[in-house]
Amino acid sequence: MLELKNVSLEVGADTWIDDVSLSLEKGTLNLLLGPTLSGKTSLMRLMAGLDRPTSGEIWFDGKDVTGVAVQKRNVAMVYQQFINYPAMTVYENIASPLRVARAPAQQIETEVRRAAELLKLTPYLDRTPLSLSGGQQQRTALARAIVKNASLVLLDEPLANLDYKLREELREELPKIFSETGAIFVYATTEPQEALLLSGHTATLSEGRVTQFGPTLDVFRNPDDLLTARTFSDPPLNTITLPKQGAKFSLGGGADLPVPSDLAGIADGEYTIGFQPHHLSLDAQTAGTQPIRARVLVTEITGSESFVHLDFAGSRWVMLTHGIKSFEPDETVNIHIDTRHLLVFDMQGQAVRPPVRRAA
Amino acid sequence: MNKSWNNRAWFMVVPVLVLVLFSAAIPLMTVVNYSVQDTFGQNVFFWAGTDWFRDMLVSDRFWSAMGRNLAFSAIILAIEIPLGIIIALNMPRRGWGVPVCLVLMSLPLLIPWNVVGTIWQVFGRIDIGLLGRTLYSLGIDYNYVNDPFDAWVTVIVMDVWHWTSLVVLLCYAGLVSIPDAYYQAAKIDGASRWAVFRYIQLPKMNRVLLIAVLLRFMDSFMIYTEPFVVTGGGPGNSTTFLSIDLVKMAIGQFDLGPAAAMSLIYFLIILLMSWVFYTVMTNYDSER
Amino acid sequence: MARIELDHIRHSYSPNPRSDADYALKEVDHTFDDGTACALLGPSGCGKTTLLNIISGLLTPSEGRLRFNADDVTGLSTQERNIAQVFQFPVIYDTMTVYDNLAFPLRNRGVSPGEVDRKVRETLDMIDLSDWANRRARGLTADQKQKISLGRGLVRSDVNAILFDEPLTVIDPHMKWMLRSQLKQLHRRVGFTMVYVTHDQTEALTFADKVVVMFEGGIVQIGTPTELFERPSHTFVGYFIGSPGMNVLPVEIDGTSARIGGLDVRLSAPVPSRSGARMELGIRPEFVTLGRTGAPFEITKIEDVGRQKIVRGTLAGHRIAAIVAEDSEIPAEPRIEFDPRGINVYADSWRIETGAQR
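Chains as they are written, first to last, in our numbering: chain A, 1 to 360; chain B, 361 to 648; chain C, 649 to 1006.
Accuracy of the hints is not assured; some may be wrong.
Stated by the list, open to error - Computed cross-link-like contacts, SDA-like style, restricted to lysine to any residue with a CA-CA straight-line distance of at most 25 Å:
| no. | chain 1 | residue 1 | chain 2 | residue 2 |
| --- | --- | --- | --- | --- |
| 1 | B | 547 | C | 729 |
| 2 | C | 949 | A | 170 |
| 3 | A | 325 | C | 988 |
| 4 | B | 608 | B | 461 |
| 5 | C | 949 | A | 343 |
| 6 | C | 824 | A | 255 |
| 7 | B | 547 | C | 722 |
| 8 | B | 547 | C | 745 |
| 9 | B | 547 | C | 949 |
| 10 | C | 858 | A | 303 |
Claimed, not checked - Some chain B residues flagged as far from chain C (calculated, every beta-carbon gap over 12 Å):
| no. | residue |
| --- | --- |
| 11 | 382 |
| 12 | 473 |
| 13 | 543 |
| 14 | 548 |
| 15 | 560 |
| 16 | 562 |
| 17 | 624 |
Just so you know, the hints here were simulated from the structure itself, not pulled from any lab data.
Just so you know, these numbers come straight off a predicted model, no measurement behind them.
A virtual CB, placed ideally from N, CA and C, is assigned to each residue, including glycine.
Let the hints inform the model, and build the full structure from the sequences given.
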């Protein structure tokens, strides 16, 4: 188990990591989700031992490893730029960590073949990395990481330099590979979709702080604050600030949204309401929701769905609907918000939760 | 970045430390020792305090040598930097021409400095030197032994010949790292050759140029071997730079005290210059 | 803006190409109308960048002619073709302000200062950078820099086409959304001809009027996003477009039904059988309904991606993916049905026209 206790990293006058505390269990896949420069790489470097935190401690399996050099820790790392030894064959590349550890030749042979099999590299073992495609080079780097049987494997946006379809393919295979080794996996990504597809646990990062950590779907459905909700949405979260009066959020012009029943007891005042693009639609989904008039800015079609960009009283929203819709720019349409999935945040950006219900 | 300490590595540095101690640190301390003492010979020393430093800082001899150094550095920087940039711009970036040009540029840098001096000393002689004889036969009155101006020109041309390649290689490295897309974009924008230089190449070469200027300034300010071999500091003291003067004082006249004081002042000036450049460079870096 | 004509263009990087395999770009013969937003979509190495470089003038094609509005530009240099290009990473003049960056192409062409000011202000407004006009271009974020790159193309009124070479590569997912929809809005407003190279199908489909799907140097299909989605003419197009891609199942055709290992799927129209051809049925996960009726389906994995669930499993030993809505229940004994609107039949990977499709 990897524990970070109040870890901070300051470089010069800048704080790169701000008071992060995390507990990662053995055999889990943990995602670090956040935009570029949010601290994902810095955090991973601290976990690996490549950098030393300015304050705080790092514990592994009950032992304090904060000052321990990376060569002494059992860590493997995979980078965005497929890093392999260019002069060695794929076989030798995968074997290199074992050779450094002076493993017996028989063991090297079995382990390398096993890793190659897992990552579908067996026909390429005699080639050099540069003669392979990007996807195969990255598989080689991955094989080298898992053959080490490290207890902590760090992957820093490993699929970012690959083609879209290749990314999909590798992403499907990764969970299988992860479950085979039983190590702690930490995977950094900027794409919320990727986090959802890989599942496991997710830590959302923003400007060096971890805003939330938990099972992926949980963080997605029940964000603790607005920042987490925004980080974890793709397309961007639709938001609007509304005043609450009694059992309704007033949208202006006589239209309003019913307050979710378990939040009826909260104080009146201004709140930020958030909802995902697929919770906005052209037909009424739940009984009693009134249509709202919004102005279409532009429509994007992706295959069987359409993204309709709307303007509602100055707020810019995106609606994801099924089917191909084409609207004229500046056309006004009736839209419905699915009130079963409203996220409510107070003016400080914290999620408003009913006192009884606890987040799973 | 805070890296974890690796104590074993320090043991490997010890031999170097010992070497530096004997070749640099201890001699430096000796110089400091001499600079604050006076001697009449026979190893008898009297405390002189800051006398030598005061004398030196008001002496004409020191300031005119300093003036010559500064003039020399300014002139060669003004010639070598633009010339280096121009040559680097015209070197091929792809194909078989690349290794050929790189080798040609490296050659002058590989020659031992006193050999460089000797080459030019012979080259410029009006009786057997190719340059001297040619100029003489063209009717030009060139004599670096007698004429101070000619001596200066010879020393400057020699330095330019010797060291421009360094600027070229540094600038070339900077140029080669510019992605093609920038040149394409400039073509699309209809930029002239000058605009491409000014807005794309020069900004990208900034860092490298700073290093080149620092290196050339420091080296030229410390110059000793080449002018010494060619002119010996003459005619008169027209090419007597600080380093040459220092040696004359210490070894020729055996004025250890003043020589030591002068060399310390010299050392401190160079240290100051390096620190200034270093601060400018790191500030520049953090700005990016 | 210009109509772009690709007249029997082929390109090989080797001087003496002998067979088809020596060509990096196989024959392209197509015209893009003035004002079209066109996307070149395909995996790495499919030839899309080669084609873009031929249009931009960086590469001269080994064969064929290129025309802008009936003017043969095949031999002209990049400058003379009057195009603008946005690259994979932002290419801006670091030392200049945002204003000067946009004014640069106009000043190089000797446009009067008054006109320069007008056009630059107009463009700044279009790309939403008016507040940043006097800032040093170097300090801006990646997406702002890309907008400046784009602005340098928009600022010239005589530009024939704007070319994009995977321009959103270095942009964060959040900004990608903003930038994409802004590009689309701009296109609607100004109506320029745009050629956009990408390997991301979402980018291609959301942005383009016409998508050119390429594979191994050849064009596989050209069509609107809808056509490519509903009627992919090759199994590669079906696989490449859509996330997850189209399910492809080997079948035996018998008149109006297709048989997959003991199961019968009704087709909306009879398919002429081809002897010796490998027959396959393609159906997108969006058209596979999961419920209590239909063929028995063994679930291997359920991926919950928030707005929907991707259910992966096998039907008679063949892998199939289906998509179900966010809150829907997965029955204990799942069965699947194929929506006939989404069925396409392929012989040797090429689609068979049955004439009865919607």
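Practice problem: Could you work out which earlier hints the structure fails to respect and list their numbers in ascending sequence? | Solution: Going through the list in order, the structure violates hints 4, 5, 6, 9, 13, 14, 15 and 16 and respects the others.
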